[in-house]
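Q: Below, each chain spelled out in residue letters.
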Amino acid sequence: MLKDATAIVGIGQTPFAKQLPETEKALACRAILAALDDAGIAPSEVDAFASYTMEETDEVEVAKAIGAGDVTFFSKVGYGGGGSCATVGHLAAAVATGQASVGVAWRSRKRGSGPRPWKNTAVQLPTPGQWTRPYGLLRPADEIGMLARRYMHEYGATRDHLFNVALACRNRANQNPDAIMYERPLTREMYMTSRWISEPLCLFDNCLETDGALACVIVSAERARDCRRKPVYIHSAAQGLPAQHHGMVNYWNDDPLSGPAWTAARHLWKNADFGPQDVDVAQIYDAFTPLVPLSLEGYGFCGRGEGAAFTEGGALELGGRLPLNTGGGGLSEAYVHGFNLINEGVKQLRGTSTAQVPGAATCLVTAGEGVPTSAVLLRA
Amino acid sequence: MLNPVIDEDGAPFWEFTARGELRVQGCADCGELRFPPRPCCPHCQSFATEWRLMSGRGRIWSYVLPHPPLLPDYAEQAPYNAVLVELADAPRIRLAGNVVAAPDARLDSVDPARLRIGAAVRIAFTEIDGLAVPRWLLERG
Ligand SMILES: [Zn+2]
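In order, the protein sequences belong to chains A and B. With full-length UniProt numbering applied, the first sequence covers 1 to 380. With full-length UniProt numbering applied, the second sequence covers 1 to 141.
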């Protein structure tokens, strides 16, 4: 059984910026070493790694650079930001089943100063993109914008609802000195008059483009009790690839608006001792604002079609019904394929967030919605 | 412009568009339609396929208006529309495409104010590098 059998005992990160001078490999090593130092565990004890298939630095490079010992488990999860929480889930499973004892998950990315993946048309064109990209659905913003407009049409969601998401993230970033948008408040007027990226999505509906790296360290619950920091237990973990799902261009099944979140959520809650109503704080993948209402529905915080209305009345702000992305998220802290959401969840349950939810004991962290996804429930 | 990349599963689609036909892959055993094309039927696991003729009529299920940054050929026409059309004969099959004023017109040739979810469209084909590529015309032209 995975439940509470493992814990995150170390987190680390580099600075976040539009452009950092070091290589992705160097940033990966810095974040991992910072996480191990935070845990009080020597690099030579690391025997497991997990990252994303899109991670450019592989385990071999990382292990030999940081001075890891013999590694007995390594895993890479696909589908871009959909893999974020699964890196933690895979290591939790490996440690809980005795395949390894000290796991490191990480993501290092120079998305701020490096290339935009959608510009590489050779990679992007194979199935199912061959059926969409020639028509000018070139970028994730176009692909998700298509679902967003349909969602707005079906359920009466408005740009103000999407603004609620952007604002909550920005407000938390304004409390977080490490966030890219720390000193940049957002107003409704700025949002409503900003340039379009792919109508109905404007600039502020899109995540940042960031250079940076993050890592976390996972050990057994037993070992965690001897670590430097208060353990944050991995209570439940799940991946989600729904039947007849097509990836980001999920346009050819019965219901494109109920995405992989629904599949991951069913498994996540089935194995948990608590439900959505017991979640104190949520870190929900926010590459685009509409992913938040869709995820709120998928993970059961409200009913189908109610995700937009859920954001009203400051529900996502501190003191609201479900404080969201308390470090600023991908929209306003840093976009590192959602790994900052994992580390922020740990900070909340340690009680050390820059936007601390008083007494937070449970946190949902989700990965990219709209692609094969993953999620973890953390508890103090 | 990006041309469709034709793989083995999808090749018949383009052979039919070259004849001016919109055909969708279906199962020759249980009859279920499927898109995008794939080797076998997810309902009955049969590898027997047929390509069913569609009327070429449909409705706009959703659309976006992409603005730069975009690939150069697309940026030059931006903002343009990209739509999903649910087929009248198979509403759960939603083909991506562009609504244009005439089959060979630019991607920005229709005023975005005329686009509506639910608007009726019909297919037309334009030739791009030897491929017959679907385009969509508003029924109330
Ligand atoms: Zn069949």
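Derived from the structure by calculation, the hints contain no laboratory data. Treat the hints with care, as some may be off.
[Claimed, not checked] Listed below are several chain B residues computed to face chain A (Cβ distance under 10 Å; list not exhaustive):
{"id": "1", "residue": "Met-1"}
{"id": "2", "residue": "Leu-2"}
{"id": "3", "residue": "Met-54"}
{"id": "4", "residue": "Ala-88"}
{"id": "5", "residue": "Ala-96"}
{"id": "6", "residue": "Asn-98"}
{"id": "7", "residue": "Ala-101"}
{"id": "8", "residue": "Asp-111"}
{"id": "9", "residue": "Arg-114"}
{"id": "10", "residue": "Ala-120"}
[Stated by the list, open to error] Below, computed lysine to aspartate or glutamate pairings styled on EDC-like, alpha-carbon distance capped at 20 Å:
{"id": "11", "chain 1": "A", "residue 1": "Lys-76", "chain 2": "A", "residue 2": "Glu-56"}
{"id": "12", "chain 1": "A", "residue 1": "Lys-18", "chain 2": "A", "residue 2": "Asp-178"}
{"id": "13", "chain 1": "A", "residue 1": "Lys-76", "chain 2": "A", "residue 2": "Glu-22"}
{"id": "14", "chain 1": "A", "residue 1": "Lys-3", "chain 2": "A", "residue 2": "Glu-222"}
{"id": "15", "chain 1": "A", "residue 1": "Lys-119", "chain 2": "B", "residue 2": "Glu-76"}
{"id": "16", "chain 1": "A", "residue 1": "Lys-119", "chain 2": "B", "residue 2": "Asp-104"}
This structure is a prediction, so every number in the text was calculated from the model and none was measured. Yeah, the Cβ is synthetic: ideal placement off N, Cα and C, and Gly gets one too.
Q: Evaluate each hint against the coordinates.
A: So, going through the hints one by one against the coordinates:
1. Proximity of B/Met-1 to chain A holds as hinted, the smallest CB-CB distance being about 7 Å (cut-off 10 Å).
2. Interface hint status for B/Leu-2: upheld, as the beta-carbon distance to the closest one in chain A is roughly 5 Å, under 10 Å.
3. Given the 10 Å rule on beta carbons, the hint for B/Met-54 is violated: about 14 Å separates it from the nearest Cβ of chain A.
4. Hint on B/Ala-88 is violated. Least Cβ distance to chain A is approximately 16 Å, over the 10 Å limit.
5. Evaluation of the B/Ala-96 hint against chain A yields a held restraint, the C-beta minimum of about 4 Å falling below 10 Å.
6. Look at B/Asn-98: its Cβ gets to within about 5 Å of chain A, closer than 10 Å, so that hint holds up.
7. Among the interface hints, the one on B/Ala-101 is violated; its C-beta lies about 16 Å from the nearest C-beta in chain A, farther than the 10 Å criterion.
8. Because the smallest distance between the Cβ of B/Asp-111 and any Cβ of chain A comes to about 14 Å, over 10 Å, the interface hint for this residue is violated.
9. Among the interface hints, the one on B/Arg-114 is violated; its C-beta lies about 14 Å from the nearest C-beta in chain A, farther than the 10 Å criterion.
10. A least Cβ separation of about 16 Å between B/Ala-120 and chain A goes past the 10 Å threshold, and the interface hint is therefore violated.
11. About 11 Å separates the Cα atoms of A/Lys-76 and A/Glu-56, which keeps this hinted pair within 20 Å; it holds.
12. Distance restraint check for A/Lys-18 and A/Asp-178: the Cα-Cα separation of roughly 13 Å lies within the 20 Å cut-off, and the hinted pair is therefore satisfied.
13. The hinted pair formed by A/Lys-76 and A/Glu-22 fails the criterion: a straight-line CA distance of about 23 Å is larger than 20 Å.
14. Restraint check for A/Lys-3 and A/Glu-222: the C-alpha separation of about 13 Å stays at or below 20 Å, so the hint holds.
15. At most 20 Å may separate the alpha-carbon atoms for a hinted pair to count; A/Lys-119 and B/Glu-76 meet this at roughly 16 Å.
16. The suggested pairing of A/Lys-119 with B/Asp-104 is violated, with an alpha-carbon distance near 26 Å, which exceeds 20 Å.
The earlier numbered hints that this structure contradicts are 3, 4, 7, 8, 9, 10, 13 and 16.
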